[in-house]
Amino acid sequence: MKTKTLLTALAMSSMLTIGLVGNAFAAPVTLTYWSGFTGGDKQAYLDLIKKFNDTHPNIQVDYQLQPWDSIAQKLPTAIISGSGPDLATPDYNVATIQQYVANGLALPLDDLIPQVGQGVLPQAVIDSFSVGGKLYAAPANYATLLLYYNKDLLSKAGIAAPPKTMTALQDDAVKLSNGNGQYGISLADNATIQMWPVLIWSDGGDLISNKCSALADPKTIGTVEKWSALIRDKKISPVGSTGQDADNLFAAGKAAFEINGPWAAGQYKSAGVNFDVAPVPVGDSGKPVTLASTVPTIVSSKTAHPKEAQTFLAWWLSKDTQAQLSTAAAYAPSRNDMATDPAITSNPTVAAFAVQVPNARLYLPTEKDFAKIDTGIFIPAIQSAEQNGNAADALKAANDQLNQLLGCQ
Amino acid sequence: MTFVTAGHRPRRWAHAGSGPLFLLPSALIIGVFVLYPIVQSLWMSLHDWSMFQISHPFIGLANYAELIHDRRFWNALLNTVIFTLATVPVQVIVGLVLAIALSRSTWWAVFLRSVYFFPVISSFATMAIVWRFLLSADVGPTASWLRALGVTPLDWLHSTIWALPAVILVGLWKNIGFTMVILLAALQDVPESLSEAAVLDGATRWQRFIHVTVPSIRHALLFTSVIAVIASLQVFDQVYVMTRGGPLFHTETLVTYMYEQGFTEYRSGYAAAIAWVLFILIVLVSIVQLRLFRYSDVD
Amino acid sequence: MSTERLPPYLLAEQTVLSRALAIIAGALVLLLAAFTVFPFVWMLLTSLRTQQEIFSNPGNLIPAAFNLDAYVKIWSELPFARLFVNSIVFAGGATLISLFFDSLAAYALSRLDFPGRTVAFYIVLATLMVPYQITLIPVFQTVFDFHWLNTYQGLIVPRATSAFGIFLLRQFFVTVPRDLDAAARLDGAGEFRIYWSIMLPLARPALATLAVFHFMYNWNDFLWPLVITSSTDMRTLPAGLTLFSGQFVVEHAVLMAGATISLAPLALAFFFAQRYFVQGIATTGIK
Numbered sequence: 373m374k375t376k377t378l379l380t381a382l383a384m385s386s387m388l389t390i391g392l393v394g395n396a397f398a399a400p401v402t403l404t405y406w407s408g409f410t411g412g413d414k415q416a417y418l419d420l421i422k423k424f425n426d427t428h429p430n431i432q433v434d435y436q437l438q439p440w441d442s443i444a445q446k447l448p449t450a451i452i453s454g455s456g457p458d459l460a461t462p463d464y465n466v467a468t469i470q471q472y473v474a475n476g477l478a479l480p481l482d483d484l485i486p487q488v489g490q491g492v493l494p495q496a497v498i499d500s501f502s503v504g505g506k507l508y509a510a511p512a513n514y515a516t517l518l519l520y521y522n523k524d525l526l527s528k529a530g531i532a533a534p535p536k537t538m539t540a541l542q543d544d545a546v547k548l549s550n551g552n553g554q555y556g557i558s559l560a561d562n563a564t565i566q567m568w569p570v571l572i573w574s575d576g577g578d579l580i581s582n583k584c585s586a587l588a589d590p591k592t593i594g595t596v597e598k599w600s601a602l603i604r605d606k607k608i609s610p611v612g613s614t615g616q617d618a619d620n621l622f623a624a625g626k627a628a629f630e631i632n633g634p635w636a637a638g639q640y641k642s643a644g645v646n647f648d649v650a651p652v653p654v655g656d657s658g659k660p661v662t663l664a665s666t667v668p669t670i671v672s673s674k675t676a677h678p679k680e681a682q683t684f685l686a687w688w689l690s691k692d693t694q695a696q697l698s699t700a701a702a703y704a705p706s707r708n709d710m711a712t713d714p715a716i717t718s719n720p721t722v723a724a725f726a727v728q729v730p731n732a733r734l735y736l737p738t739e740k741d742f743a744k745i746d747t748g749i750f751i752p753a754i755q756s757a758e759q760n761g762n763a764a765d766a767l768k769a770a771n772d773q774l775n776q777l778l779g780c781q
Numbered sequence: 005m006t007f008v009t010a011g012h013r014p015r016r017w018a019h020a021g022s023g024p025l026f027l028l029p030s031a032l033i034i035g036v037f038v039l040y041p042i043v044q045s046l047w048m049s050l051h052d053w054s055m056f057q058i059s060h061p062f063i064g065l066a067n068y069a070e071l072i073h074d075r076r077f078w079n080a081l082l083n084t085v086i087f088t089l090a091t092v093p094v095q096v097i098v099g100l101v102l103a104i105a106l107s108r109s110t111w112w113a114v115f116l117r118s119v120y121f122f123p124v125i126s127s128f129a130t131m132a133i134v135w136r137f138l139l140s141a142d143v144g145p146t147a148s149w150l151r152a153l154g155v156t157p158l159d160w161l162h163s164t165i166w167a168l169p170a171v172i173l174v175g176l177w178k179n180i181g182f183t184m185v186i187l188l189a190a191l192q193d194v195p196e197s198l199s200e201a202a203v204l205d206g207a208t209r210w211q212r213f214i215h216v217t218v219p220s221i222r223h224a225l226l227f228t229s230v231i232a233v234i235a236s237l238q239v240f241d242q243v244y245v246m247t248r249g250g251p252l253f254h255t256e257t258l259v260t261y262m263y264e265q266g267f268t269e270y271r272s273g274y275a276a277a278i279a280w281v282l283f284i285l286i287v288l289v290s291i292v293q294l295r296l297f298r299y300s301d302v303d
Numbered sequence: 138m139s140t141e142r143l144p145p146y147l148l149a150e151q152t153v154l155s156r157a158l159a160i161i162a163g164a165l166v167l168l169l170a171a172f173t174v175f176p177f178v179w180m181l182l183t184s185l186r187t188q189q190e191i192f193s194n195p196g197n198l199i200p201a202a203f204n205l206d207a208y209v210k211i212w213s214e215l216p217f218a219r220l221f222v223n224s225i226v227f228a229g230g231a232t233l234i235s236l237f238f239d240s241l242a243a244y245a246l247s248r249l250d251f252p253g254r255t256v257a258f259y260i261v262l263a264t265l266m267v268p269y270q271i272t273l274i275p276v277f278q279t280v281f282d283f284h285w286l287n288t289y290q291g292l293i294v295p296r297a298t299s300a301f302g303i304f305l306l307r308q309f310f311v312t313v314p315r316d317l318d319a320a321a322r323l324d325g326a327g328e329f330r331i332y333w334s335i336m337l338p339l340a341r342p343a344l345a346t347l348a349v350f351h352f353m354y355n356w357n358d359f360l361w362p363l364v365i366t367s368s369t370d371m372r373t374l375p376a377g378l379t380l381f382s383g384q385f386v387v388e389h390a391v392l393m394a395g396a397t398i399s400l401a402p403l404a405l406a407f408f409f410a411q412r413y414f415v416q417g418i419a420t421t422g423i424k
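Protein chains in written order, with my numbering: chain A, 373 to 781; chain B, 5 to 303; chain C, 138 to 424.
None of these hints come from the bench; they were simulated from the model.
Glycine included, each C-beta is placed from N, C-alpha and C at the ideal position.
Among the clues, some could well be false.
Said to hold, decoys possible - Derived lysine to aspartate or glutamate pairs resembling DMTMM-like cross-links, with alpha carbons at most 20 angstroms apart:
| hint | chain 1 | residue 1 | chain 2 | residue 2 |
| --- | --- | --- | --- | --- |
| 1 | A | Lys583 | A | Asp419 |
| 2 | A | Lys691 | A | Asp419 |
| 3 | A | Lys674 | A | Asp524 |
| 4 | A | Lys606 | B | Asp52 |
| 5 | A | Lys740 | B | Glu269 |
| 6 | A | Lys679 | A | Asp656 |
| 7 | A | Lys422 | C | Asp282 |
| 8 | A | Lys414 | C | Asp206 |
| 9 | A | Lys626 | B | Glu70 |
| 10 | A | Lys547 | A | Asp524 |
| 11 | A | Lys583 | A | Asp426 |
| 12 | A | Lys414 | C | Glu214 |
| 13 | A | Lys679 | A | Asp482 |
| 14 | A | Lys422 | A | Asp772 |
| 15 | A | Lys423 | C | Glu214 |
| 16 | A | Lys674 | C | Asp206 |
| 17 | A | Lys547 | A | Asp482 |
| 18 | A | Lys740 | B | Asp159 |
| 19 | A | Lys744 | B | Asp159 |
| 20 | A | Lys536 | A | Asp656 |
| 21 | A | Lys523 | A | Asp499 |
| 22 | A | Lys744 | B | Glu200 |
| 23 | A | Lys641 | C | Asp282 |
| 24 | A | Lys506 | A | Asp483 |
| 25 | A | Lys679 | A | Asp426 |
| 26 | A | Lys744 | B | Glu70 |
| 27 | A | Lys607 | A | Glu597 |
| 28 | A | Lys607 | B | Asp159 |
| 29 | A | Lys591 | A | Asp482 |
| 30 | A | Lys691 | A | Asp426 |
| 31 | A | Lys744 | B | Asp52 |
| 32 | A | Lys414 | C | Asp370 |
| 33 | A | Lys422 | C | Asp206 |
| 34 | C | Lys210 | A | Asp419 |
Stated by the list, open to error - Restraint-style ranges between C-beta atoms, simulated for each label pair:
| hint | chain 1 | residue 1 | chain 2 | residue 2 | range |
| --- | --- | --- | --- | --- | --- |
| 35 | C | Val226 | B | Leu198 | 54 to 64 angstroms |
| 36 | C | Lys210 | A | Val727 | 26 to 36 angstroms |
| 37 | B | Tyr40 | A | Thr427 | 39 to 49 angstroms |
Said to hold, decoys possible - Reference listing, derived: stretches of chain C covered by chain B, where coverage requires no fewer than 3 residues with Cβ under 8 angstroms from a Cβ of chain B:
| hint | segment |
| --- | --- |
| 38 | 169-178 |
| 39 | 258-270 |
| 40 | 286-300 |
Make the full structure from the sequences, and use the hints.
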């Protein structure tokens, strides 16, 4: 009897000691991160995650890659039911996070700005990732679009330098098209990082202005009319291309120009295209403008480790990390204070993209009905203009649809 | 030969025998993982259901009412019906012809059977990417050959006229082998004695085909037809990969529209309503098919 | 129809016209075969080319040099062996269990008489008529409630039976003459015995066909493993290969190499099971 009590006491005290000692060497916090960065850029992210894990023994990131479709299908239900990750990139479209925020699935990142610093994140990012004055996402990357051009095709056609104005671009595109498989410009209109908005913005038009539709604005209509006429009559671009179709076309040397982001540089190089990048030509508005593309990372509102998650995000936005990301994947840094950073300026391609950050606008960043506007209203109007040449009518109809959706007039 | 009706004594539940027991494992799994989610989706269709929200307002048949006025829905329905009408007869007939032609065990028959069945075992998601390349007027191999011959290649997937035929063609490429294989297995059971008797009776090849072969394989024919119809009405994979429903919604089918509503616009309730309208359509069509085959349960 | 030579009653009909028709038919069959095979040839050849070749010279199918970079990349970037094993376990496990459960159910629905039999059959049939995309999220929720996410059982159990299989086998069982099992019942054999020793062997072509369909369907299904698993090491090969296709950058050679690798085991399984398709019923067991 006595031995038994003694043994029990011994057992319990040793368990207690182990417990106390164990706590001192607490198991690291593991953050699960559902990321959609599959494909060519994934190595850059994998390397950075590894670097974080190596330098942060107390916080480990379990980086789980899956296709974007898969995340879109599972993430909301997963977060609600508690089986979700701590961090996630919900979608490559910025506007998607509005749904997460509106339904309380995203954590407000109150600890982030204090760690990163005021005024460091680009204003476009702050504007699109904030709701009600609180920041809900951090940029996983930041990209701008430039005008890619095929140097061989241009020199063969006797064009000395890439065009600086939209009118010059149109003339060059006509010169570089032969109506039989050789195109001046590769314009995608669906399933892509949007190129048409760049054309529209550069002439002073817009899609949404003052919370109502600007599709019937004469400047918008004028731009679409001009370009779709050239597409139909002079065959400067195929019609109905997806982003991938457009990229494939440029990679095959079948198009002389393409408005595209930094991710494409690698695949064009391996496809053997002799290309370079130039700023997007200036249109009738007289002001340089291009599209910005950023992928938001949110923190689940149900996470058990809000502090650690924000520490990771702050690390992600640090100068060193951003420099490495820029060098590896040619993204512009998601910071305002690195324009003169040697890591950026030493690489001309990276520098070219980074320099455009102040001119870059996001496409429909805060529209909750983003998908409906994009696939249901805007793209069909553009495609109709390209196919049927009825830009004015198509855009006016789209304008009414959009106003109905937005609750205007 | 007299037929002892040992297995046909009228039964009550007490004498139901092992029937329900045999059915149990499948019934359980289908019940939990298939039926229950289906019922849940019906429930979802009666609500304004977004995946993001925890509570979902009940709206009765409002989703269905919205469908009636939705032009994109009717367009998708039309495309789906055209797709099915074009696919099923070709798939079943060509499959049958191939099965009959290749039902020997000569080496070339075995080889050709494997060839035709190969698309069936491949992954459609990837093969659709392959087809997108092959049909591309810009970067496809056939296009470059045609251009070399001075012919302007057809831009199948960007043409509002030819995109749907292209999608139909790829679907046939994928599935004819499936029909062929099922009917092949069924043809094994056609008693040679019947064929020989028919020849002795002076029947021509065609008469033999109609009166001996077809009736003998009618169960498999029914199966392949029903499956082909169901699969065609639910077409998704090749459309999603090749055209995303474009150009200008000319290849948008009910399921691609449903998927877009559910996972891109996050309107799960509305998507569920589309699924249920499709379900009712399939049920109706299947009933007609079963009647046409004069399907009787006593068999 | 399973003999090497044409039986006499068919030989007698070989006229000149039917010979000509046979030649035309033969040509069509070969043309169709070429059309069927071409995408695979392209896929294999593309997996051996470089990105540059694919784009600059699409019409030239033969690779300039046999470039195995794509295959090396897959091997080095994915936990290949693990994914392969997962695929075998998932597809193989689901197929074997499914063959058993499906045939049990099909036997019950075609041979055994019990109340609600017809209703049960129509319910099974009806489940085929709802597109799977709509049940994706509810099933995800159910599997989560069972705590089966990211596990083998979560992958396999929902696939351990299929309405398709039950329907297929039922249609075949219905064609088997009743005399056999009636006789066996008279002899006092239990239902399971009849099912196991008489029905199953007779249904070999159907079972072989179904085995191939199940295996290939589950092997190729990348959507289901992507929904149920979240970590790469629990995924199947096709699901893992989706990681090479990004939003912007698609590595075509790698994608084609992955597709080729993924296709190989299925091709093998099919060639092996082929011999079961064209086998006459050696003995029917009747008298």
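Here's how the hints hold up against the structure:
no. : hint                                      : in the structure
1   : A:Lys583 <-> A:Asp419                     : violated, 41 angstroms
2   : A:Lys691 <-> A:Asp419                     : holds, 16 angstroms
3   : A:Lys674 <-> A:Asp524                     : violated, 54 angstroms
4   : A:Lys606 <-> B:Asp52                      : violated, 47 angstroms
5   : A:Lys740 <-> B:Glu269                     : holds, 9 angstroms
6   : A:Lys679 <-> A:Asp656                     : violated, 48 angstroms
7   : A:Lys422 <-> C:Asp282                     : violated, 32 angstroms
8   : A:Lys414 <-> C:Asp206                     : holds, 18 angstroms
9   : A:Lys626 <-> B:Glu70                      : violated, 44 angstroms
10  : A:Lys547 <-> A:Asp524                     : holds, 14 angstroms
11  : A:Lys583 <-> A:Asp426                     : violated, 46 angstroms
12  : A:Lys414 <-> C:Glu214                     : holds, 11 angstroms
13  : A:Lys679 <-> A:Asp482                     : holds, 10 angstroms
14  : A:Lys422 <-> A:Asp772                     : violated, 50 angstroms
15  : A:Lys423 <-> C:Glu214                     : holds, 18 angstroms
16  : A:Lys674 <-> C:Asp206                     : violated, 43 angstroms
17  : A:Lys547 <-> A:Asp482                     : violated, 54 angstroms
18  : A:Lys740 <-> B:Asp159                     : violated, 35 angstroms
19  : A:Lys744 <-> B:Asp159                     : violated, 27 angstroms
20  : A:Lys536 <-> A:Asp656                     : holds, 12 angstroms
21  : A:Lys523 <-> A:Asp499                     : violated, 38 angstroms
22  : A:Lys744 <-> B:Glu200                     : violated, 64 angstroms
23  : A:Lys641 <-> C:Asp282                     : violated, 48 angstroms
24  : A:Lys506 <-> A:Asp483                     : holds, 11 angstroms
25  : A:Lys679 <-> A:Asp426                     : holds, 19 angstroms
26  : A:Lys744 <-> B:Glu70                      : holds, 16 angstroms
27  : A:Lys607 <-> A:Glu597                     : holds, 14 angstroms
28  : A:Lys607 <-> B:Asp159                     : holds, 13 angstroms
29  : A:Lys591 <-> A:Asp482                     : violated, 41 angstroms
30  : A:Lys691 <-> A:Asp426                     : holds, 18 angstroms
31  : A:Lys744 <-> B:Asp52                      : holds, 17 angstroms
32  : A:Lys414 <-> C:Asp370                     : holds, 17 angstroms
33  : A:Lys422 <-> C:Asp206                     : violated, 25 angstroms
34  : C:Lys210 <-> A:Asp419                     : holds, 16 angstroms
35  : C:Val226 <-> B:Leu198: 54 to 64 angstroms : violated, 45 angstroms
36  : C:Lys210 <-> A:Val727: 26 to 36 angstroms : holds, 33 angstroms
37  : B:Tyr40 <-> A:Thr427: 39 to 49 angstroms  : holds, 47 angstroms
38  : 169-178                                   : holds (count 8)
39  : 258-270                                   : holds (count 10)
40  : 286-300                                   : holds (count 5)
Hint compliance for this structure: hints 1, 3, 4, 6, 7, 9, 11, 14, 16, 17, 18, 19, 21, 22, 23, 29, 33 and 35 are broken, all remaining hints hold.
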